[in-house]
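Asker: Chains as they are written, first to last, in this note's numbering: chain A, 1 to 409; chain B, 410 to 661; chain C, 662 to 1003.
No lab work stands behind these hints, which were simulated from the structure alone.
Among these hints, one or two may not hold up.
SDA-like cross-link-like pairs, simulated, lysine to any residue; straight-line CA separation at most 25 Å [to be verified]:
| no. | chain 1 | residue 1 | chain 2 | residue 2 |
| --- | --- | --- | --- | --- |
| 1 | C | K788 | A | P256 |
| 2 | C | K810 | A | S326 |
| 3 | C | K810 | A | F355 |
| 4 | C | K968 | A | E170 |
| 5 | B | K461 | A | L110 |
| 6 | C | K788 | A | M369 |
| 7 | B | K531 | A | L39 |
| 8 | B | K426 | B | Q633 |
| 9 | A | K241 | B | N456 |
| 10 | A | K241 | B | Q487 |
| 11 | C | K810 | C | L718 |
| 12 | B | K578 | B | S475 |
| 13 | C | K810 | A | S327 |
| 14 | A | K241 | B | S558 |
| 15 | C | K788 | B | G501 |
| 16 | A | K241 | B | L462 |
| 17 | A | K241 | B | A530 |
| 18 | C | K788 | A | V349 |
| 19 | C | K788 | A | L375 |
| 20 | A | K241 | C | K968 |
| 21 | A | K241 | B | L425 |
The structure presented is a predicted model; accordingly, all values stated were derived computationally and were not measured.
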Amino acid sequence: MSQNLEKIKSPLDMEPLTIEIHEVEAASRSNTARNDLILMAVFSAVVLASPWVLAPFGAAYPDLLQRFCIFGIFAIGFNIMFGLTGYLSFGHAAFLGIGSYAAVWSFKLLTMNAIPALFFGVVCAGLFSALIGYVCLRRAGIYFSILTLAFAQMSYNLAYSVLTPITNGETGLQLTLGDARMVDAAFGVERTSSLPITNLFGIKMSGYEGFYLCAIILIISFYISIRIFRSPFGMMLRGIKTNQNRMSYTGINTRPYLLAAFVVSGMYAGLAGSLMAVTDPLAGAERMQWTASGEVVLMTILGGAGTLLGPVLGAGVIKYFENIFSSFNKGILHSAFEFLPDGVADFMVTITHPFVGEGWHLTLGVLFMFIVIFLPGGLMEGAQRIGNLFTGGGKSNADSRSGQTQPAE
Amino acid sequence: MAILEVSGVNKRFGGLKALTDVNLSVKESSVHAIIGPNGAGKSTLLNCLIGKLEPDSGVVNFNGTSLLGGITPHEINQLGVCRVFQTPEVFGDMSLLENVMIPSFAKHDGNFRFNGWGSIAKRGEVSEEALSMLEEVGLADQRNVITDSLSRGDKRRLELAMCLIQHPKLLLLDEPTAGMSRADTNNTIDLLKKIGERGITKIIIEHDMHVVFSLAERISVLAQGTVIVEGEPEAIKGDPRVIEAYLGGELG
Amino acid sequence: MDAILLQILNGLDKGAAYALIALGLTLIFGTLGVVNFAHGALFMLGAFCAVTVGKFLSYEVVTLDPSKLTPWGTPAETRTPIVQQWFGDFGAFLVDYSVPFSILFAIPIMLLIGVIMERGLIRYFYKRPHADQILVTFGLAIVVQEIIKAQFGANPIPQAAPVLLAGSADIGAIIGFDPGTVVYPYWRIIYLLFSGLIIGIVFSFLQFTTYGMVVRAGMADRETVGLLGINIQKRFTVVFGLAAVVAGLAGVMYTPILPPDYHMGMDFLVLSFVVVVVGGMGSLPGAVAAGFLLGVLQSFASMNEVKNILPGIDQIIIYLVAVVILLVRPRGLMGRKGVMES
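Isolated chain A, as found in the complex:
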C-alpha cells in the first residue's frame, strides 16, 4: 500500500494525501453506477414480465397491472418531494386529477392518440403545481401540509361546482359521440357509431397493450428518479430535508430547489393521471379528494420514503391487497377458515370480516398506523433489518436511506 502513496496538492496545500483513498472513492462511484444499472435491469425485467411473475398471486390481469404501474408512477413522483425534501404535501391528488381532465379533453378535442393526452396531462399538472407550489412553499412544516391540503380541497370543490363546464361535475368527464376530435377528423379517421377507443398510433390502449404502455412509462419514470437521486440536485434536496437552515447558511437558495422538486413531482402525478385516462377515458373529481392524496402518502411511507424502490413497492402492495381484500366476503372467509374447528372458524370470520370487502379502508388505516409507529422507514427498512439479521448486523451505512450502495469501509 505504501508504495502507492503519492503527494497530491490539496486545494489548501496541506497534508499529503494518499492516492489510495481516491481509488476507493472512484471504485465506490463506479460501484454505485454498476449497482444502479443492475437495479434498472432487474426492475425493467420484473415490470415487463409481471404478467407472468404475478400470475401465481392471481394478480396477472391487465386492469390491475395497469393500476400497479400508474400508482407506481404517482408514488415515485411523490417520493421526489416527500422522500427527498421531507415536505409532506397533502394535495398531490389534485395534480393527478388535473392530468386526467387534461388527457380526456385531449381525447375529446384533438385525437384519440395517447401521446398528446400524456403530453397535455403532464404540462397542465406541471403548470398548476408551479402555481400552487409557488404559494405553498413560502411556508414550511405543517403550514406547508395544511396549505397544500387547502389547495387540493379548493380544486376538488371547484371541480364539483363552478368548473362543471370543464369537469362535468359529479358525472365526471366522459367521451361522447359528438366530440370534435379535430386532429383525428383532419386525418380522416372514420367516425363510428360507438364510442372510439384510445390508441397509440393504432394500437388500442386497453388490456395488455395498455399495460405495456404503462410499464414502459413506469420504467422511464423510475430511471428519471434514479438520475435525480444521483444528481447534485437530489443531494441538495436531501440536504434540505436534513437541515434547511444549514443549507441557507451554506449559500443555497432552498426555495427554487423545493419548487423544482414540487413541479417535477406534480408532473409525475399529472403523468399518472393522464395514464389513468388513457387506459380508461374518463375523469372524475373524486380523484382529487384529499383522501386520495393520503393514499399516495401511505404508499410512499409503506414502501419507504426516500428510497428508490420503496414507493413502487408500496404502491404495488397497497393496490394488490386492495384488490384481494375488497373482493373478500363472508363466504370466501368461511371457506378460507374451513380447516379450523367450527367454533374457531366462526370466530375468525367474525374477527376478520370487518377488515375485508367494504372494510378495506379499515385495514388500510391500521396498516398506516402500524407502519408509522413501528417501521417509519417502511418495507425497505424492514427488508434491510431482516437482511442485517442474516448477515450478522451490518454496520449502519451512511447511504442506506438514500438507496445508495457505497460500501461503508
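Position chains B and C relative to chain A; hints supplied.
Answerer: Leaving out everything else, chains B and C in the frame of chain A:
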C-alpha cells in the same frame, strides 16, 4: 483595511436590550476575538452578521456591501461569509463526505442550479475537493459514516471543513473548540493558524482563553450588549474592566 | 339589512362548531406540540354518542291493542319506546330530549377516549417530527371513521331536536324587521348558547384555576414548565381529554343541525385546521374568533348576490382566506411570533 464594519447596532428582544450601540471593525486577514461573560450578546451579534437576525438599527457592511435590509442568509454566504455554530449545524442524516460536498457544490454552482439530470459521480472535482478537505481536518477515515454518530467535537471540525471548502473571506467561529479534548483543541488551533496563512479573516467567540490568546490579534470584550474594551491581547489581559465584567463588580 | 343579519346568524352556528374543534386543536398543539389529524374524528365520535343514546332510547316494544282494530280486523300494533313503558312520562321526556341528554353520556366517554388516545398513542409521538404526527393521527382518523362506518353504515342518521325546540324563532319580527324575513331555528340558538358556554368554561378553567395556569404556562414555554418539577405528562393527558370532550360535545349538539355520517369528522377537520391557521397557531382566542369569522364569511359567500358576481366563491372562500392570511400575515390573526415559523 476593514473587511467588516459594524457600527451603532442595536437589538432588543421585548424589554431586553441584547445589543446596545455595538461597534466593531475587523481588519482584512486578521483574527478578531469577541469575548465576554455568558449572555453578553456575542451570539446575537453573530446572528446579525449572517442574516439570522435583523438588528433594530445600525449598519453592517461587509466588503462594501450592506448585510442588512432584506438580504437573505444564502446571499450573505455567497458574498463569502461562513459561520461555524455553537451547536453544530450539520447534515445529520448524511455522510461526512456529502456534508462537505454540499458547500462545495454551492461554491461551484451558485445558490441554485437545476442539475437533476447530471450525476454526482461525474463531478469528480467536487468529491475530490471534499475528500482533501476532510483529510485536512482529520476526518477522512470516517467519510462514509453518518454524521449523527460523530462526537460533538468532530461535528464541529466537520462544520469547519464545510466552511473552509467554500474559501470564505470571513469566517465566523462560535466557540469552535467547545466540547473538544485538549489534544483536539490544540489541533484545531493549529488548523486555524494554518488557514490564517491563507488570508481568511476570522471572528472567534471563545471562552477558552488559551485559544483566544494563541490566535487573536485583536479582542473586543462584550458585556451586557455593549463593547466595553477593544484592543490588543496584551492590553486586554490586564484591563481591570474586563476582570470586573467577568467576575462582577462586588468582587472588585 | 335583514338579509345580512340572517347570513350572520346562519354562519354563526357553523362557525361555533369550527371554533370548538379549533379550540381543542389549538389546546393540543399549544401544550403537547402535536398536530392532531384525528380531532375531526373526535367531533364525529361525539355525534355518534348522540346517535347511540338516541338508538337506545328509541328502542321500541310492540304491543297489541285488542280494543283497536286495523281495517283487516286484526288488533292494532302500537309501538312504544321501552323507556316510556318503564318510566311513563319521564321516559317520553327522555326520548324527546335524547340529544341534550346524550351530553351526560358523552362527557365520560369522550374523556375516556381522549385519555386512551393520549396514553396509548400520542405520547409516543411528542418527540417525533410533525410529519410523523400528522401521518399517525391521519391513520387513526381513518381507523375510527371506518369502525363507525362498519357499525352505523354509510348513510347519515338524522337526530331530532326536542319537540319544544324544533321550531324557529322569528327574530326579525322581534327586533323590528318585517315578520318572516329573519327566521332562525331554536335549536341553532341553543347551539350558539351552548358553544358560548363551553368556550366560557374552557377559558375560565385556563384563567382561574391553578391547573389552567400551568397549562397556559406550558403553552408559553413547555420546557421551562417541565423543569419546574411539574408533572407535565399528567397535565398533557388532562388537556387532551379536555380537548376531546370539547370536540365531542360540539358533535353531540350538532346532530340536529347536520345528520351525522362517518365522514363528517374529516370534512370539519380540514376546515378547522384552516381556522387554526387563520386564527394563529397556538392562540386560543384566535381560534375562536377565526372560527366564527370564517363561518360567517362562508355564509355570506353562499348568498346568491355574491355567487352571481363570483361563482363558486362559497366553495373556496375559507381556503382563499387561509392562503391570503398565510402569505400576508404568516402567524395568523392572533398568533404569537415564533410559533412554528421556521
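Asker: So, for every hint listed, does it hold in this structure?
Answerer: Now the hints, each set against the structure:
1. C:K788 x A:P256: 30 Å, violated
2. C:K810 x A:S326: 15 Å, holds
3. C:K810 x A:F355: Distance ~12 Å between K810 of chain C and F355 of chain A Cα, so the pair holds.
4. C:K968 x A:E170: 20 Å, holds
5. B:K461 x A:L110: At roughly 53 Å apart (the allowed maximum being 25 Å), L110 of chain A and K461 of chain B break the hint.
6. C:K788 x A:M369: Within the cut-off at roughly 17 Å; holds.
7. B:K531 x A:L39: At roughly 20 Å apart (the allowed maximum being 25 Å), L39 of chain A and K531 of chain B satisfy the hint.
8. B:K426 x B:Q633: The given pair, whose Cα atoms are some 8 Å apart, holds under the 25 Å limit.
9. A:K241 x B:N456: Cα-Cα ~23 Å, so holds.
10. A:K241 x B:Q487: Roughly 21 Å separates the two Cα atoms, so the pair holds.
11. C:K810 x C:L718: Holds. K810 of chain C to L718 of chain C sits at ~21 Å (cutoff 25 Å).
12. B:K578 x B:S475: 15 Å, holds
13. C:K810 x A:S327: Measuring from Cα to Cα gives roughly 18 Å; hence the hint holds.
14. A:K241 x B:S558: 18 Å, holds
15. C:K788 x B:G501: Roughly 17 Å separates the two Cα atoms, so the pair holds.
16. A:K241 x B:L462: Satisfied, since the Cα-Cα distance of roughly 23 Å is no more than 25 Å.
17. A:K241 x B:A530: 21 Å, holds
18. C:K788 x A:V349: Cα-Cα ~39 Å, so violated.
19. C:K788 x A:L375: Holds. K788 of chain C to L375 of chain A sits at ~16 Å (cutoff 25 Å).
20. A:K241 x C:K968: The hint is violated at about 43 Å.
21. A:K241 x B:L425: 34 Å, violated
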